[in-house]
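Work from the hints to combine the two standalone chains into their complex.
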Amino acid sequence: MSQIIVETTTSPCIVVDHVSKRFLRRNTHSFKEAFVSWIKRRKVRADTFTALDDISFQIGQGEAVGILGLNGSGKSTTLKLISGVLEPDSGGVFTRGRVAGLIEVGAGFHPDLSGRENVYLNAAILGMGRKEIDERFDDIVAFSEIGEFIDQEVKHYSSGMFMRLAFSVAIHVDVDILLVDEVLSVGDAPFRAKCYTKIRELTARGVTMVVVSHDTKMIKELCARGIVIRKGRKIFDGAIDEAVDQVAR
Amino acid sequence: MSVGTRLDVSEYDVPGRGRGLLDVFQWRYLLRLLVRKGTATRYRNSVLGWVWSYVKPASQFLIYYFVMGIILQFHRDVQNFAIYLFAGVVVVNLFNEAFGNATNAIVDNRALVKKIYLPRELFPIAAIIVAFVHFLPQLVILLLVCLLVGWTPTLLGLGGALLGIILVVAFALGLGLFFSGLNVRFRDAQNFVDLIKMFSTWTSPVLYTWALVADALRDHDWLLFLYMSNPLTVAVELFHVGFWEPTTTQSYVLPEWFGYASLVAVGVTLVALVAGQWTFRRFERTFAQDL
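Chains as they are written, first to last, in our numbering: chain S, 759 to 1007; chain H, 129 to 419.
The shape of chain H in the complex, shown without the other chains (with noise of 0.2 Å):
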């Protein structure tokens, strides 16, 4: 190329233009390094440290388990309480965790991307991993307790209970694309999320059964079928049925539409994976001067 001749702009990248979740894959190893990061601070300057990850589940399992199963007696109708109080918990805590982390990522990151261009899809990804690495020691303890009362796994169970997991992840990731981008401007966003958090332990099945809601809904079939194709009940029963229900001898059944709505709430979460990302990217373009 010379003085005078046509620029050929096709050669040429546009900065700050990316592809969004696909640029998280080019990038993995400073996801790792942010992931990295996000786990080695958290617990920085506190005495207990990790303990934390072990001692907030656990006082709040004690206090529904003292409510629900003791004082309302729920323990006399749903055979090994605890555990399916248990398996429900920590399905809505990697949520509720993953979700919050997810809607503050850029805020918190705000010096970076005020600064340097990355793919900022970046930021509430590695938010969402971290939280999935502190439910690990949930998983761990679920399992400890499920194989003490004499669990014995099936494949089919522990498929189920993993579909739930990346339904939860994922449904957390689109709803945390869609309001960290909103949070940016609208600080409100976070109160959202908040009120958001409150509603997901008891719009699902943690702290009761579905067949209490069935029995309440009776004359609004489509009102059940609602509140069963909300991927957190979903995922909330598919752990019921993989670690509690084999521990039981009771028979659980679930609604014969219960295959439905799964497929139901995979198409809510893939809605929300669709439009989080878009109005991300949205944001995106003015989160430099919004910060």
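Okay, chain S solo, but in the shape it has when bound (with noise of 0.2 Å):
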């Protein structure tokens, strides 16, 4: 392997070295269309599409990077990459420290379980231990503002209380990498500002930050450097305000 150079200031938690990722376009989804296709002499192999081209960065320690771009641009293949949903056709993805996204907020959240089963459920799907939960049960439900409905099962919430429980969870994880995609855009005006607040201390304590989302005021508002993704390439690394401007041009 090449060697990496580093590139932050402070060491890197997160590096990104020369990345592609070309995702397969199907043309047989069975045995039998296989089998069909290939008597017929059609392709049976897939066709690529090429979602991310060489891509390259590194995030230092505590930093906040948000990562623009118009829609279909590879912002969210990025960070499927940095939390190891998906692999890297080529280059590497290296981590340091305990990986948690916001991406999957209420994925894990299943609607005949009461609210509590739930807390409990996702937070060890993020990772984290029986203890640890218990010790932070109270602090997410305050969070949540969902007060007594938590003993009611999830299906009768509306989707407000849903996204505040879920997000509550994930943002009580302990973790040193923090991957935040669209999802701010939950809840009211109020809890907004609860969740922002709560993710600066998070970055004041030292937790690396990317956030994905077209909202460029809420990524003004919490990152310091963005990085603008172009149809798969990598065009801008450099100061948000900056970064904000080459999306728009």
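Just so you know, the hints here were simulated from the structure itself, not pulled from any lab data. None of the values given here were measured: they were computed from a predicted structure. One or more hints might be untrue.
To be clear about the criterion: a stretch of chain S counts as covered by chain H if any three or more of its residues have a C-beta under 8 Å from a C-beta of chain H, and this derived list gives those stretches [unchecked claim]:
no., region
1, 762-771
2, 830-841
3, 846-852
4, 871-880
5, 955-963
With a straight-line cut-off of 27 Å between C-alpha atoms, the simulated DSSO-like cross-links for lysine-lysine are [unchecked claim]:
no., chain 1, residue 1, chain 2, residue 2
6, S, Lys889, S, Lys989
7, S, Lys975, H, Lys243
8, H, Lys184, S, Lys989
9, S, Lys975, S, Lys992
Beta carbons are placed, not taken as given, at the ideal position from N, Cα and C, and that holds for glycine.
Next up, the structure:
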């Protein structure tokens, strides 16, 4: 492997090194289709589509970085590569410390379980142990403002309550790297303000953060640095204000 | 480290690379919650709830007993045929349930698999443990019935039955990992699995005795050996020896090479586990984009 040179002033927490990601557009979806295509000498193999093309960047400890770009530019793919859900086709992704994403808010919730059971389940999914959850349970419920509804089944929650609880679980996980996708647009204005405060608190504590969003106002508020991706290529990496201008262009 | 120095990659993790089945031990708290979720939500919104866990095997048993025992008169040749039958049925049920659950585990949890990285083996394993939990009431019924007809448990017999359970669960896990990985890309896998589940009841001595098979395959010893090396067959016979045989006055003889067949069955199970884990890991890399 070629050597990687450190580019950040603090020691890097996330290193994305010449990463490319291609998706397959499958032409066949079953044994039968594959066989029929093979007989007819049509394409059995899939076509590829390049989602990310040779992207490199490093993020230092405690930095808050926004990833910007238009729809389909590859922002979310980048986050998924950092979280490990996807694997790069070439290049390497390296992280240091515990990674958790607010991307998966609510993904682990089961509608038939009570709020309490869901808190435990989701916190465990995000990597917390039993004792840790016990300790933070009250904070989580308090932050979500769910109150006495915590023992009700989640399917009876309003969508706002659901998102608040899910978000509250995610934000109370002990992490070194926090990945945030769109989700911050949930909830009403007071709750959002509370979330921002909480996130700033985390960055002040040295948590590294990567935010993906179209909400430029929010990104400007939370991040100092911005990376702009267009059609799978990195076109800008620098101060957030300039980055926002780049996207609009 | 400062700007311009070389980065030491060995201090870093590579996201998305797990150690397969070994990782599951580290995540045992989550595993426990997943199992609890599986058992708690299975019969939500159903009036009879857990009763279904008894009704299904009971009706299955009744129909088998009616056809094999009464219409085909098996109960004349096999003492306590009902117990013979039930001991085999619970083993095959355990296998079918565990195998079927595991196969669907990844697709059923797609919301999570697509969005967050966890050792994905957790899902098939949780599914298999849930299947095991549902097997326990059936085992209890078997024990009760055996005790009622005057069964005296032997340590050897119980140990054998335990080995049988381990064999079945491990075999189901191996096959389950294999097909749950495959199932993500090719949903045909599910139909394959249904076929295997259908065969499982008939390719092991559940509804008949192995002696009948031996008669039919008189001139093909190796076929009989193949038949006996099926991990399910071995487990079913271990259950027969553990639970049914002590309740009869007949002496029940297994072929003298049953030990070798069992060893082959253990080998088959190990191969299934390794192949299953290998395939699973191969397909795992593209789970998030194929779901």
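Do the hints match the structure? See the list:
1. 762-771: Answer holds; 8 residues pass the 8 Å Cβ test.
2. 830-841: holds (count 4)
3. 846-852: holds (count 3)
4. 871-880: Our answer is that it holds, as 4 residues pass the Cβ test (under 8 Å) against chain H, meeting three.
5. 955-963: violated (count 0)
6. S:Lys889 x S:Lys989: Answer violated: Lys889 (chain S) to Lys989 (chain S) is near 44 Å, above 27 Å.
7. S:Lys975 x H:Lys243: Holds, at about 26 Å.
8. H:Lys184 x S:Lys989: Given that 27 Å is the threshold and the Cα spacing comes to 55 Å, the pair is violated.
9. S:Lys975 x S:Lys992: holds (21 Å)
Of the hints listed earlier, those the structure fails to meet are numbers 5, 6, 8, in rising order.
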